[in-house]
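Starting from the given sequences, assemble the full structure and let the hints guide the process.
Listed here are the chains, written in short residue letters.
Protein chains: 2
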Amino acid sequence: MSAHRWEMVERGKPLVRVEFEPDAPDTKEVVVEVAGCGVCHTDLGFYYDGVRTKHPLPLTLGHEISGRVVSAGSSAADWQDKTVIIPAVIPCGSCDLCNRGHGTICREQKSPGIDMHGGFATHITVPSTGLCEIDLSRLADVGMQLADASVIADALTTPYQAVVQAEVEAGDLAVVIGVGGVGGYAVQLAHAKGATVVAIDVDQTKLDRLTEFGASMTINAREVQGRDVRDAIRQFAKDQNLRQTEWKIFECSGTASGQASAFGLLTYGACLSIVGFTMEKLEVRLSNLMAFHARALGNWGCLPEYYPEALELVLNGEVAMLPFIERHPLSKINEIFANAHDGKLTRRAILVPDE
Amino acid sequence: MSAHRWEMVERGKPLVRVEFEPDAPDTKEVVVEVAGCGVCHTDLGFYYDGVRTKHPLPLTLGHEISGRVVSAGSSAADWQDKTVIIPAVIPCGSCDLCNRGHGTICREQKSPGIDMHGGFATHITVPSTGLCEIDLSRLADVGMQLADASVIADALTTPYQAVVQAEVEAGDLAVVIGVGGVGGYAVQLAHAKGATVVAIDVDQTKLDRLTEFGASMTINAREVQGRDVRDAIRQFAKDQNLRQTEWKIFECSGTASGQASAFGLLTYGACLSIVGFTMEKLEVRLSNLMAFHARALGNWGCLPEYYPEALELVLNGEVAMLPFIERHPLSKINEIFANAHDGKLTRRAILVPDE
Numbered sequence: 001m002s003a004h005r006w007e008m009v010e011r012g013k014p015l016v017r018v019e020f021e022p023d024a025p026d027t028k029e030v031v032v033e034v035a036g037c038g039v040c041h042t043d044l045g046f047y048y049d050g051v052r053t054k055h056p057l058p059l060t061l062g063h064e065i066s067g068r069v070v071s072a073g074s075s076a077a078d079w080q081d082k083t084v085i086i087p088a089v090i091p092c093g094s095c096d097l098c099n100r101g102h103g104t105i106c107r108e109q110k111s112p113g114i115d116m117h118g119g120f121a122t123h124i125t126v127p128s129t130g131l132c133e134i135d136l137s138r139l140a141d142v143g144m145q146l147a148d149a150s151v152i153a154d155a156l157t158t159p160y161q162a163v164v165q166a167e168v169e170a171g172d173l174a175v176v177i178g179v180g181g182v183g184g185y186a187v188q189l190a191h192a193k194g195a196t197v198v199a200i201d202v203d204q205t206k207l208d209r210l211t212e213f214g215a216s217m218t219i220n221a222r223e224v225q226g227r228d229v230r231d232a233i234r235q236f237a238k239d240q241n242l243r244q245t246e247w248k249i250f251e252c253s254g255t256a257s258g259q260a261s262a263f264g265l266l267t268y269g270a271c272l273s274i275v276g277f278t279m280e281k282l283e284v285r286l287s288n289l290m291a292f293h294a295r296a297l298g299n300w301g302c303l304p305e306y307y308p309e310a311l312e313l314v315l316n317g318e319v320a321m322l323p324f325i326e327r328h329p330l331s332k333i334n335e336i337f338a339n340a341h342d343g344k345l346t347r348r349a350i351l352v353p354d355e
Numbered sequence: 001m002s003a004h005r006w007e008m009v010e011r012g013k014p015l016v017r018v019e020f021e022p023d024a025p026d027t028k029e030v031v032v033e034v035a036g037c038g039v040c041h042t043d044l045g046f047y048y049d050g051v052r053t054k055h056p057l058p059l060t061l062g063h064e065i066s067g068r069v070v071s072a073g074s075s076a077a078d079w080q081d082k083t084v085i086i087p088a089v090i091p092c093g094s095c096d097l098c099n100r101g102h103g104t105i106c107r108e109q110k111s112p113g114i115d116m117h118g119g120f121a122t123h124i125t126v127p128s129t130g131l132c133e134i135d136l137s138r139l140a141d142v143g144m145q146l147a148d149a150s151v152i153a154d155a156l157t158t159p160y161q162a163v164v165q166a167e168v169e170a171g172d173l174a175v176v177i178g179v180g181g182v183g184g185y186a187v188q189l190a191h192a193k194g195a196t197v198v199a200i201d202v203d204q205t206k207l208d209r210l211t212e213f214g215a216s217m218t219i220n221a222r223e224v225q226g227r228d229v230r231d232a233i234r235q236f237a238k239d240q241n242l243r244q245t246e247w248k249i250f251e252c253s254g255t256a257s258g259q260a261s262a263f264g265l266l267t268y269g270a271c272l273s274i275v276g277f278t279m280e281k282l283e284v285r286l287s288n289l290m291a292f293h294a295r296a297l298g299n300w301g302c303l304p305e306y307y308p309e310a311l312e313l314v315l316n317g318e319v320a321m322l323p324f325i326e327r328h329p330l331s332k333i334n335e336i337f338a339n340a341h342d343g344k345l346t347r348r349a350i351l352v353p354d355e
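Chain order of the listed sequences is S and E. Residues 1 to 355, numbered by our numbering, are exactly what the first sequence covers, in order. Residues 1 to 355, numbered by our numbering, are exactly what the second sequence covers, in order.
These aren't lab readings, by the way, just hints derived from the structure by calculation. Warning: the hint list may mix true and false statements.
Stated by the list, open to error - Dumping the calculated SDA-like pairs for lysine to any residue here, alpha-carbon to alpha-carbon at most 25 Å: (1) S:281 to E:238; (2) E:110 to S:269; (3) S:238 to E:230; (4) E:54 to S:245.
Following this line, the structure appears as structure tokens:
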């Protein structure tokens, strides 16, 4: 098997192309020939900001992976030749936490590109636990290739789990702060679940695009700030005959300022979902959760059990991915990382093995 | 009907005894002859700290009330002569929020002593919605008088709702920070639901007393701080064969330092309940909720629907109240407020009409 991957050797130093022999699959493992791997903010955090990976360097990054199973262990033989999404967080599937349905906090969980070599490669060996099968003909019906589905592994499923946790339903008012690679899907997902969605970002282009994909109101956070944001949403809720209570707020910017805005939007019975991550702290009146009888929910990755539901929303056309992604050759990885870091990409990059 | 109440006329100025004629009950209202009314931290906040009541001054404080219905409106006739607890938060019972089970955020809710004249009185006229009937003979079986049950209205039911929301169950490790008038019951309630409970406070006397009432481990926050608290609980969990994940943390101190400690105890899958209130802000890494897939739940009052369950735990002896309360004559209200404010009371004071 001719295989190669791009390894991060040192923070900020060019990623290096390395030939390797894929690990033979263990009984429950599979080898996946990578169709595509999405470039996530988290990868950039490891590469540029020195966020530490759990597996020591050198390490192949990339945790949003789709592909075809080309080899399967004896207990995973059913997966042979199937086209799949690999979950970004792979619970062990057999510990006490997994057995009680808490796979996202499984202490034996593995993430490609963090705990093990990831998806910026031609091949990857992973546990078969939680693989999500994709029907290529249905995917083609919505104009997508297998590589495009890679992004489902994190950018789509992470906000999906947040939307499920927040119990978004028809009649809700949802507010999404930060509508980039993850938040944009939060907008679409909340809309698909029946909510009327307010999108907030500093990037007018992103906001404008989302008006065609689920956002009923947009707020440019450079122009409207502080209490005015709350007042604008209140007025919008009034005009739309929506509730002034129980807003479902999704913080997807992963910035302290976004979190401060999100916390400031708490209404009676509100649910604040913390989807984006930042190391930064912020000052809050935590007691507001009590005074408003509100709740703040964290969300780590997504249970593999939810992947088929999230995928279905893509396949039935309720969530559009094509306008928000673009494929690039894997061989251009260093250039794409730099462009992504410099904010030059307007769509999520998917790297496709090309040699 | 000869009736009087003690009114707060101005912040910090002596409460004044005023004769009054109880309002005749509306069709759905009742007049309750007060048996006792608990003195809560919230009352002291209004009286000493200038926290604003919703009803303008002069106002009778007191929202932990038990008594006997002496007059009932035509639609509330079934309540005539019954012995009851008046909920501290009385939802309207008929709005959209109430109909959907969200009475604690009902915008028409009323609290005695905040929205209307309260329980430091001989009589009070209140909606019959949510009244909780008490069987005096069962109460006597656990050595309690009707006046003693007043404290159930807030000090017991508020942490009860928090314990229900946090889904405390057998095998859980619960941590209660601040074990005064409210937190002490949080310890007993979490214990009654099957959790092993760690109690944290700065007052060794309170901690020592709780070892007989549900606390399996106590930590004096003056002696053990920061990471050492976490380490001590981790070691305790290990020794007790309890989980290192999903701790149920109850912040009942209503202080910024208590909240900071509570937030610092987040484990994977943890549930942090904000039970105590403070106006103070604090600095937190909100993203920890995401990294730990944890949640923070606010808790305002308690749904009247939960009162019978909470009361039952008292009647069946699972929660002890007598060691934590003491009755005083209502006529001593100014002295009792001062003593409570000065920290001279070791038990929750219940004021009983005496003239």
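State the violated hints by number, sorted upward, taking the hints as numbered earlier in the document. Violated: hints 1, 3.
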